[in-house]
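S.K.: Read top to bottom, the protein sequences are chains A and B.
Going by the working numbering, the first sequence wraps up at 285, each residue one higher than the last.
Going by the working numbering, the second sequence wraps up at 285, each residue one higher than the last.
Among the hints, a few may not be true.
Identical chains blur together in the list; that is why a pair holds if it fits in one copy or across any two.
Stated by the list, open to error - Below are the PhoX-like pairs computed for lysine-lysine, each with C-alpha atoms no more than 25 Å apart in a straight line:
no.: 1; residue 1: K124; residue 2: K30
no.: 2; residue 1: K282; residue 2: K103
no.: 3; residue 1: K263; residue 2: K18
no.: 4; residue 1: K249; residue 2: K35
no.: 5; residue 1: K285; residue 2: K124
Honestly, the hints are just simulated from the structure, not real lab data.
2 protein chains.
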Amino acid sequence: MRSEEWFEEAVEFKKGVSTALQVQKKLHSEKSKYQQIDVYETVAFGKMFSLDGVIMVTEADEFCYHEMISHPALCTHPNPRSVLIVGAGDGGVVREVLKHPEVEGIELCEIDEKVIEISKKFFPHVSKDLGNPKVKIVVQDAIEYIKEKHKEYDVIIVDSTDPVGPAEGLFKRDFFINCEKALKDEGILVTQAESFFYDPQFISGIFEKTRGIFPVMKYYYTMIPTYASGTIGFTFCSKKHDPEKDLHEERARKLQDLKYYSTGIHRAAFVMPVFTKKFFK
Amino acid sequence: MRSEEWFEEAVEFKKGVSTALQVQKKLHSEKSKYQQIDVYETVAFGKMFSLDGVIMVTEADEFCYHEMISHPALCTHPNPRSVLIVGAGDGGVVREVLKHPEVEGIELCEIDEKVIEISKKFFPHVSKDLGNPKVKIVVQDAIEYIKEKHKEYDVIIVDSTDPVGPAEGLFKRDFFINCEKALKDEGILVTQAESFFYDPQFISGIFEKTRGIFPVMKYYYTMIPTYASGTIGFTFCSKKHDPEKDLHEERARKLQDLKYYSTGIHRAAFVMPVFTKKFFK
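With the hints as constraints, model all of the structure from the sequences given.
M.R.: And the structure:
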């Protein structure tokens, strides 16, 4: 049917649909200790990398994801100084978190150092702040790393792959309990939580199995064309502060170099289509 | 690469990306006077029909589009009694507009009667209200039909295909001028207006070339997985009422059988990601 080369993503949660991206060139391919990593030059979205066949980052739309996994938590916390980022070896979340001048230290806990290498080589605009002196990179399984931590962080951001393979444990109740322990008293945890169009059972499951750990637990979303269904959501778990009531408008408005996030988007992102309401009980 | 049969959409505005849907069976295929019409049973979204190879309706997610092209205008107008729907031969917009008890009469102006036939045959849940006594079906080119109208409608909804082929004229300045004339003094026009991710130049063009026709002109969006990029937008053109200030909350809350729209979604849908702001000048 096609003479050109196309990358086709197989969606784990929704069989029978895929996003197909035309490829100009395959730039890199390797199997790391944890996963298959491929880098492509695409026709429509610039460079793209996939893990185990699932699109992770494209140059054209990564900002939709990286801004939205970062700023809602950072702009809700009254004074986010210490941040733990889980996964996110590409550096995109680090870049966004560093836009907050209050942040004094970031720990990036990435299980697969190959992701960091690949991003440094092929995605300089995403990885550009990985060498910032505020950033400490820990190559380790976050599931183990977090067990040793007690009231150390203001914000934890879990930028994981889908809940199969190495990331599976990041979606378990124990991990949420350990994150709660690792957070200070005003702490906030944000995790990647899939699409409400394709993964309703997964999202319901997360809300059911983590019930009672955090007093505030909400779901919000970003739009992003290259992710399955065109949208992806996040859980917002908080010990004290409510993202819809406690947004620090002035700090949010001072942020520079944003392409997606604004105070209006912050509020709108928590408003969900009617059919999803039953997932969040 | 694949042994199964897949439908692959070619996106007019963004080369090098497509939504691929696995097909169980092709149910129908014909070339009407105006366009190629195909109906498929898909694996992930139930029955789907395409016009000229572009996905129009899937059973699974049509509500995202049909609710959002209809209710924002109907809930902003103080008393929408007379409604013109352009295109939309599938009946989805008619079904939504009839949820408003104020509406006394609907004219549906569809150029291609084959679309109506196909929807009645394969999409009973979408077309179910086409026989309602409030509905008058006119099989005609709306570009001509609207020229004869003067202050007849409270709301006009243009549910068009992409601006190539038969729908091209629905995106021209003259058509917007004629819609303005066809609307009463409190009238509102809503038109399908493509994705801000994929068609920024098209959207900028619409805003530039229609400047000054309507005192209020805004853009809003819905999420919908099977449309290119996962989102599609609408222009909201109004003689008097502002969709963000003049929402009739109580009427909106009384609407039944909604899966997407709510008063919260109404407000959130007008909040656009930062990068899009430059398109709407």
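S.K.: Each hint should be assessed against the structure and marked as holding or not.
M.R.: Structure-based check of all given hints:
1. K124 - K30: Result: close within a single copy only, 17 Å intra versus 46 Å inter.
2. K282 - K103: between (35 Å within a copy, 23 Å between copies)
3. K263 - K18: between (29 Å within a copy, 20 Å between copies)
4. K249 - K35: neither (45 Å within a copy, 54 Å between copies)
5. K285 - K124: Neither, since 41 Å and 37 Å both go past 25 Å.
Checked against the numbered hints given earlier, this structure breaks hints 4, 5; the rest are met.
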